[in-house]
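Asks: Chain by chain, the residues run as shown.
Protein chains: 2
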Amino acid sequence: MRLHHFVVAGLVLGVLAMPAVSDEGMWLVNDPPKKLLAEKYKYELTDAWLKNAMLGSIRLNSGGSGGFVSSEGLFVTNHHVAADSVQKLSKPGMDLLQDGFYAPTRDKELKCPDLEINVLQEIVDVTKEVNAAVKPNMKPAEAFAARRGVMAKIEQNSFLETGLRSDVVTLYNGGLYHLYRSKKYTDVRLVFAPERQAASFGGDVDNFEYPRMNLDVAFFRAYQNNEPVKSPNFFRWSESGPAAGDLVFVTGHPGTTNRLETLAKLKHRRDVTLPYTLARLRTLEAVLLQYSEQSPEKKRQAATDLHSVANARKAFSGQYQGLLDPKIMEQKKKAEREFVFSATEAKVRAKMREGPVDTRLFTLDDDILNALELIEATQTKLRAFEKEYALLETGQAFSTSLFGIARHCVRMADELPKKSPDRLREYRDSNLDSLKFQLYSPAPIYPDLERTKLAASLGFLTENLGGDHPLVKLALAGKNPATRADELISGTKLADPSERKRLVEGGKKAIDESKDSLIVLARDLDEEARKLRTRFENEIEEPERQAYATLASARFLIYGNAIAPDATFTLRIAFGTVEGYEVDGKKLNFHTTFGEAFDKHMELGGKEPFDLPKRWLDGKSKLDLKTPFNFVSTADTIGGNSGSPVLNRAGELVGINFDRNRHGLVRNFVYTDVQARHIAVHSKAVLEALRKLYPAAPLVKELTGK
Amino acid sequence: MRLHHFVVAGLVLGVLAMPAVSDEGMWLVNDPPKKLLAEKYKYELTDAWLKNAMLGSIRLNSGGSGGFVSSEGLFVTNHHVAADSVQKLSKPGMDLLQDGFYAPTRDKELKCPDLEINVLQEIVDVTKEVNAAVKPNMKPAEAFAARRGVMAKIEQNSFLETGLRSDVVTLYNGGLYHLYRSKKYTDVRLVFAPERQAASFGGDVDNFEYPRMNLDVAFFRAYQNNEPVKSPNFFRWSESGPAAGDLVFVTGHPGTTNRLETLAKLKHRRDVTLPYTLARLRTLEAVLLQYSEQSPEKKRQAATDLHSVANARKAFSGQYQGLLDPKIMEQKKKAEREFVFSATEAKVRAKMREGPVDTRLFTLDDDILNALELIEATQTKLRAFEKEYALLETGQAFSTSLFGIARHCVRMADELPKKSPDRLREYRDSNLDSLKFQLYSPAPIYPDLERTKLAASLGFLTENLGGDHPLVKLALAGKNPATRADELISGTKLADPSERKRLVEGGKKAIDESKDSLIVLARDLDEEARKLRTRFENEIEEPERQAYATLASARFLIYGNAIAPDATFTLRIAFGTVEGYEVDGKKLNFHTTFGEAFDKHMELGGKEPFDLPKRWLDGKSKLDLKTPFNFVSTADTIGGNSGSPVLNRAGELVGINFDRNRHGLVRNFVYTDVQARHIAVHSKAVLEALRKLYPAAPLVKELTGK
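Note that the protein sequences, when read in sequence, are chains A and B.
Following our numbering, the numbering of the first sequence begins with 1 at its first residue and continues without gaps.
Following our numbering, the numbering of the second sequence begins with 1 at its first residue and continues without gaps.
Just so you know, these hints were derived from the structure itself, not from any lab.
Worth double-checking, as some hints may not be accurate.
[Said to hold, decoys possible] A few chain A residues that face chain B, going by a derived Cβ cut-off under 10 Å, partial list only: (1) Asp204; (2) Ala286; (3) Gln321; (4) Gly459; (5) Ala482.
[Stated by the list, open to error] Cut-off 20 Å, straight-line C-alpha distance, at most; resulting in silico cross-link-like pairs (SDA-like, lysine to any residue): (6) A:Lys501 / A:Tyr427; (7) A:Lys473 / B:Met329; (8) A:Lys267 / B:Pro470; (9) B:Lys267 / A:Pro609; (10) A:Lys298 / A:Pro609; (11) A:Lys267 / A:Thr380.
Note that the Cβ used here is the ideal one computed from N, Cα and C, for glycine as well.
Please take these sequences and the hints and turn them into a complete structure.
Replies: And the structure:
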């Protein structure tokens, strides 16, 4: 940002640029786009509708969304969101992910080893309280600590007061702070999952593509005290589903967008972060594919890891192509320049309201320019240590869940004796139960798979930092990556949850005395890793947050609440129109049909990943092949929205969102609806499949009352 | 190399370190290890044996080795070497690579579109002539041009004199120059290839592994003037094959080893070149896999590209692990230090032979230390532009054969008007026929596949250099990689060989007038690409070559001819013992059997890549399951040796080398025979399969006379 302070007299005669009226926006539940909906769709978004949407929507902490679909705690999500739990419920010789599962009665439902779900109950704005803790002259480290401290206190007080899970959420990259209070359930049981071939027909090939024919759904039931949770706020299952042109809503938990980031930050993503991330994902994907090829059992073990890595690779590739599109960068550049002018103008107008002003004296707003320049300078600082930070502190050099476990054990020994506000944020009191629920999970761990991932990531570490780098020498301890991975995995007992518990409960002494290979590694690395974290917090996170807060204030001044905050894996509402689109002159219908799935199976010789399950091939004649299968709409979604209920005006569930098309991959940075669409399973398709192909009459009855 | 000039008095009392007596060495045919064989194996390597080995061995210019096995031009190589041609002979609906091929009569043999083979006839030492052209005070650019010029002249004179293909080969990285004269055949026809499932049972999983059960063989016949070539020097097919403990020889064309490189060069490989190369290969492998999954036809199209990329990725990964093994680096460091001492000592001894010398005054040899330091300094220079050089000048940013074609067309227009010695080396007169044979190949090109590879490599370019790099902007021309790849592939006519011919024959004018997208791209890039090439030649190649020549002279002084030169894809002879080895306490037999292939198929459920072809499953009962299938020996091989004849003392063919095990992957840098082995198809296995499974009686008769 090398703009200098031009005189902007005359600017105040201009009209403030307003965001275009489109279906853009992942809106806050406590600040919904009522006006926009009324104007564009003549739709009145009522408080009752909103309340039901909030209380019926579910966040799965394994990363995804869902919604209650009966008053008895039954909820729907995607098969690929459920996969993490379905995989953990499988074992050699019993592959529920591949073969599917159905519990016709409640006693047959399978309890997931470590699935936590949250249901949002209330949002409280705590911006003032958080900001008040940070004093103007604090150094970055002090400011960071003060903010972390006040957030932990607010959360703990809220938890003590309400008994609800309490999380302070940072919005607008630091412009607002909201406290989210949620009910939490950790007894979640699998009810139904189709075969993987039906759920992800087309596999990686068709991921982020359309037309699609996927039964990407699964059902769970939430329990409390061994009884199904009562869920009076649920979504009624629509027998008919959506029609072309319908207004629909998506409620869910979009993970991350970067739309409000500055141009300098996006260039940094393009030139540093994304190339690094893509290289890392390809490294992991390659070894997971090679591992999978070794035998059907190994393929089973690696299935969810492979899917999540391949999915991320494809999503980030799309983002990367987006940032390399000069049109998008030009659009961003223009928007940023206009923002500087508009912010200046808005401030001038504010002053003019106080009295007469000589507008000839105004120059582009210093605060905004400084904030933009600071963010740009921060990227140069980040460049100097970003890889080390990512590899060592975020653990990307050690791609095994066992290392994550080891690090938690080591750090809890140091952190838990401190007061909650002084701890690293993940160890704050209000988060400890959830953390331990994950940490002590009895989910199976396969040593060969962990060894393979660890060897690959240690290799990736050395590829990035070089064989003579001190951190590499520390991590490899005089071995090559393959030998070191063998040694680390065979020398750890952390696959056993009781050993983790013993170490955590034994505190600092147990950790210091441990000779477990991974505990020793995590211990040896911790000083360096913490240094990188502190450096990141003080040099990057805190200065950026303050600069973005400045930008956010200006944005509020210009646009009010007409721009939604970037996604933060918290509950949001999006809306859009059900409609097809054109590609290369060809019009794609807004929905696909069952028949198209069978056609594609035939056309490609029934070869993986285009192989329908036997149940489907055998049952083909029972199906109405014209039944709509998947459909698309313009609503604004992103990763994390997987499993989101798609609702109609009446609040009925007409679909389950499961993907977006490749044109939608740039939505991390800009919303577009020319071709970009999210993709959902049609509510009618689920009923048709459950009625005709699966012996799931009780489930259909619970959904429809019939 | 920060050694300083220690006084080395006393050193001259030591004994010169000699290389250990092992099976190390890819020996020159004109400097064979007769003494070593006599001492270690009591074997007299006769000139007649050598002559037959030389005239019977074949280099396939697609990258591999083979050997005549009848007097009628029939030769054997690996299926995976043949794959390039077999793939090019296939088309949609006719997949010879997958389904196999056999021509029972000569008129059914299929002519390969662009396979050239060479048979070495004679070697002439031209070191003096080459070195005489380079004067002591020449600048690097002058020295480089002078050497290139004299080599082109020697080659052209030799060609005019003998009519043979003539190549000056650089040995010992510049220590020696030999002129290789070969017969060249460009009418080569496919006779037999088994199904890919039989040839590479276990696929990528078992590549570089042992035990193995692969029928990795194919047969071709060389023709001249439409008649089978007469090949009186061929290898008789052994009916029995080798036994444990047998001495065997491997004759073939090992591609590249780096054993004589300095420690600084190896560190550069470890920290710069290999990480870059691995990232590049993973990028290509990922998109090729994704392409292959789209349909069976696309899988067919991408098969050989995918195999070659996966094979390279595995080989380089093994090299990388080797260089990260501190033991190997320590061994290299020690050897280099000892070399400096030994070189000093050898020079002192030489002086002492001339008269009395006060050895107390000697310091470590300056020439050697300077050469080592120069090579080290060169790596720092290389680091500054190696990626740009690799991406732009070697064309790794444009991974499509169409770009390679475009560049040749563009450069030939500039180079051909010059005198042969002044041209870029690949355009010297003596090479033009071979180059045009490749350039005008009618082999099929699949636009979708080329687009996919090009998009991936353009993405890799930007990942490495960043979106704002001038070369990236030049290459992308204001598009993102995907869009740019679409535009480039749809805008070129170079898939048509007649268009290539038109452009080459039209010379500079045709090129300047061309609006073909890839011609325009190659033209626009050429100035920058040539600059990078010149920089590489002058700053890296020439200084390194001179320094290595200094090191080579010292090495000759110390060891004489007891150390073989690094591999250069020219004919070499290796030898070793047929013997198994131990892994993790388990003894592996020196050979596998047919029975083990069927066992593995059953054990892994017959799932790809462990799926034997139908012909084998149906014919199992006909086979003697105890027949040896593959075997291993300690002989010294590397990539390029694929398809090499394995010969016994009598010069009979007892096997066809096709791989080495993972322990052998470090052989690029150090020879080891503790566990490292090359792997060959047993000669008996080929006969058993041909007799019992394939309707190939005429082929068996040609091989055995029966």
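Asks: Indicate, hint by hint, whether the structure satisfies it.
Replies: Verification of the hints:
no. : hint                : verdict
1   : Asp204              : holds (6 Å)
2   : Ala286              : holds (5 Å)
3   : Gln321              : holds (5 Å)
4   : Gly459              : holds (7 Å)
5   : Ala482              : holds (5 Å)
6   : A:Lys501 / A:Tyr427 : holds (16 Å)
7   : A:Lys473 / B:Met329 : holds (14 Å)
8   : A:Lys267 / B:Pro470 : holds (15 Å)
9   : B:Lys267 / A:Pro609 : violated (42 Å)
10  : A:Lys298 / A:Pro609 : holds (18 Å)
11  : A:Lys267 / A:Thr380 : holds (11 Å)
In summary, the structure is inconsistent with hint 9 from the numbered list given earlier, while agreeing with all the others.
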